[in-house]
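Please arrange chain F on chain A, whose structure you already have, making use of the hints.
Letter by letter, the chains look like this.
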Amino acid sequence: MYVLAINPGSTSTKISVFEDGEEVRKNIIRYDRDALKDKKTALEQVEMRGNDIEREIEKWGIKPDGVVGRGGLFKPLESGTYRINERLLKDIMNGKVRGEHISNIGAVLAHNIAGKFGVPSYFVDPVSVDEFEELARFSGIPEIERIALQHTLNIKACIRRVARDKKRKMGDLNLVVAHLGGGMSVCPVKKGRLIDANNAIQEGPFSPERSGTLPISAFLEMCTSGKYTKSFLSRRLVGEGGLVAYLGTNSADEVVLRIKEGDDYARKVYEAMAYQISKEIGAMATVLKGEVEYIVLTGGVANSRLLTDWVKARVEFIAPVLIYPGENEMLALAQGALRVLRGEEEAKEYR
Amino acid sequence: MLILAINPGSTSTELGVFEDEGPILRKKIEHTKDELSVPVLAQFEMRKGCIENCAGSYLQKIDAVSSRGGILHPMEGGVYEVGKSMVDDVRNGRVDAQHAANLGILIAYDIKKRFSIPAYTVDPISTDELWELARVSGLPDIPRSGRTHSLNVRAQARKMAEKMKKPLGDATFIVVHMGGGLTVNLVKGGKIRDVADARQSGPFSPEACGGLSTPDYTKLCFSNRYTEEEMIRFSYGEGGLMRWLGTSSMKDVEERIKRGDKKADYIFRAMAYGIAKSIGGFMVCGEKIDSVILTGGGSKSKLLVSLITEYISPHATVVVCPGSIELEAIVESTLRVLRGEEEAKIYERRGR
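Residue numbers (this note's numbering), protein chains in the order written: chain A, 748 to 1098; chain F, 40 to 391.
In isolation and in its complexed conformation, chain A is listed as follows:
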């Protein structure tokens, strides 16, 4: 059984064909700045990206049994694999999403290609999956809600992997999963559900590109000093915060290299990031009232042995630490579609 997975990123579209869970074809269609110059919004890029995907698929000469696209900043949803329906397409086309992001058109691209082949299309575990327990939603002022947005696709894939590796049922597992990438999501997992998250944008540890939680009174002084514009500050929070702000790079590899060359400042900042990640894991473990079976470190930054060793030393007393470095979004998408195509799981309906 063939599944075509489509994953639009800011400057490329990744496409892969999986045959029963194994990747048999893949390509990355790249776009330079010029190509995207007149097409700033995600919706404006649908036609161009769609045509390019079609051309590639034709070359491969494989007819998929289903197509799956990356999910976007949709409304709060249950976890699972969703059939792409008219309702969703209408919401996306009318901008009824929770923010502009290229992932919003993953479903549109998948739907269009699937139409050509007359096969069903899906999206899987978007960032907006909301399984928060009630208490997790309150911040210290009603104006700002704590919102469930996290790296759901990879985190859910990790929970499945723990279930497989440890011969357990996904719905029985209590874990803390930390997705460590350009942004970071630390989630307490209760019986397979993500009952809280720092929200990779709202708060939590600082990351390669984001500043995470900041001392809020001190930050207010920065906001009201008149020295900074709103857009400058917003960039300092997401994109140019964290490692970028301290060390001018978002590459953990580069930072590790500098540390090896004896850069003590880089070491201090990197270890502080590990400390903040550990604190977030400790905090989220508390939510599970002592019932944590494993702690999982995943995402690109989990490739850094130096960092995972630091975190491990601090949190190991809570539960054994499993390290699943990197993230395989394409595989996670394909598996989500396959579970439905094989009848192991029922597709959910977007309403």
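These aren't lab readings, by the way, just hints derived from the structure by calculation. Remember, it's a predicted structure, so these values are computed and weren't measured experimentally. C-beta: ideal position from N, C-alpha, C; glycine also. Keep in mind that the hints are not guaranteed to be accurate.
Stated by the list, open to error - Result set (EDC-like, lysine to aspartate or glutamate): computed pairs, CA atoms no more than 20 Å apart in a straight line:
no. : chain 1 : residue 1 : chain 2 : residue 2
1   : A       : Lys1059   : F       : Glu326
2   : F       : Lys258    : A       : Glu847
3   : A       : Lys1036   : F       : Glu349
4   : A       : Lys843    : A       : Glu801
To be verified - Not the full set, but computed from the structure, chain F residues with beta-carbon under 8 Å of chain A:
no. : residue
5   : Phe154
6   : Ser176
7   : Met270
8   : Met322
Said to hold, decoys possible - To list a few chain A residues with every Cβ distance to chain F over 12 Å, as calculated:
no. : residue
9   : Glu769
10  : Pro823
11  : Val909
12  : Asp912
13  : Ser1051
14  : Arg1052
15  : Gln1082
Relative to chain A, chain F alone:
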């Protein structure tokens, strides 16, 4: 040895006369709204008058006067001699913030001059002993600070270590001071190594908003919906329970919960949830936690304590030490100096 201990708070002035560790006289004067309507430094004569009235003839007999430390500049914890340079910094506003506790320094200095006795101030609020890693935030422009309820926190840690018969230097505690504001403190070897403060980034408290989503907060800042003063009050006085429920009194909130107020119930539980998360965050400090100490007025709430304990007890022992022991802490620290067990520190002027 006779010691006068003074502890000016935001709405009250507390004092005590102690014969060594034993209290002979204790008073807490609640001030009227009228009295508090002037800026902190302008309350000097009024507060001094209260203390002199209560202390009466003891004033002539005391061997030393000692005050709770205020907000000066980030400094090490401990006992400091009150001298001219410290007083000048307070008087001229060359400190990080104006706080009623700074009046204690001025009053102690006044008494020192008049009666020619030594004056001390103990564990300033601006005590800052954070370890290097804890200072780093997600932006170099805003280092994390260690401002906290240091007097009570350090005293609780000392007391607990004594009770456990463990040298303070080998003990690790998480001390949660729950008042109108709220701090969660990691105390390792007697020093406060990390702090989650409801005014900055910790859980929300009866009066402070705790950590908030910075992108959302930025939008709010630039929305013109609130003035700067209003935004400041989210962190000081009108955030947390106050903003959600219109009261910062835990007693009131608990009453409402008893009467079936669902919203009050949710918010109160969410506060406990946030406090527990902050405590959990410090458990990764690399040492076994000897105990989690809940203190301050908030620890008198059985409901709050039981909600927090439910989250924490699987990981560490929770001990409740209700109320703060600030006067005792001032006196004990001062006695250590007077008996030569500890040396008084000298304040270095750092006026900007």
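We went through each hint and held it up to the structure:
1. Lys1059(A) with Glu326(F): holds (14 Å)
2. Lys258(F) with Glu847(A): holds (16 Å)
3. Lys1036(A) with Glu349(F): Measuring from Cα to Cα gives roughly 7 Å; hence the hint holds.
4. Lys843(A) with Glu801(A): Violated, at about 27 Å.
5. Phe154: violated (39 Å)
6. Ser176: Holds: closest Cβ of chain A sits about 6 Å from Ser176(F), inside 8 Å.
7. Met270: For Met270(F), the interface hint holds, since the closest Cβ of chain A sits about 6 Å away, which is under 8 Å.
8. Met322: The hint holds - Met322(F) has a Cβ within 8 Å of chain A, the shortest such distance being about 5 Å.
9. Glu769: holds (39 Å)
10. Pro823: Non-interface label on Pro823(A) holds, nearest chain F Cβ at 16 Å vs cutoff 12 Å.
11. Val909: holds (21 Å)
12. Asp912: It holds; Asp912(A) is separated from chain F by about 25 Å at its closest Cβ, greater than 12 Å.
13. Ser1051: Non-interface label on Ser1051(A) holds, nearest chain F Cβ at 17 Å vs cutoff 12 Å.
14. Arg1052: holds (19 Å)
15. Gln1082: Its Cβ never comes within 12 Å of chain F, the nearest being 32 Å, so this holds.
Hints 4, 5, counting from the list given before, are not met by this structure.
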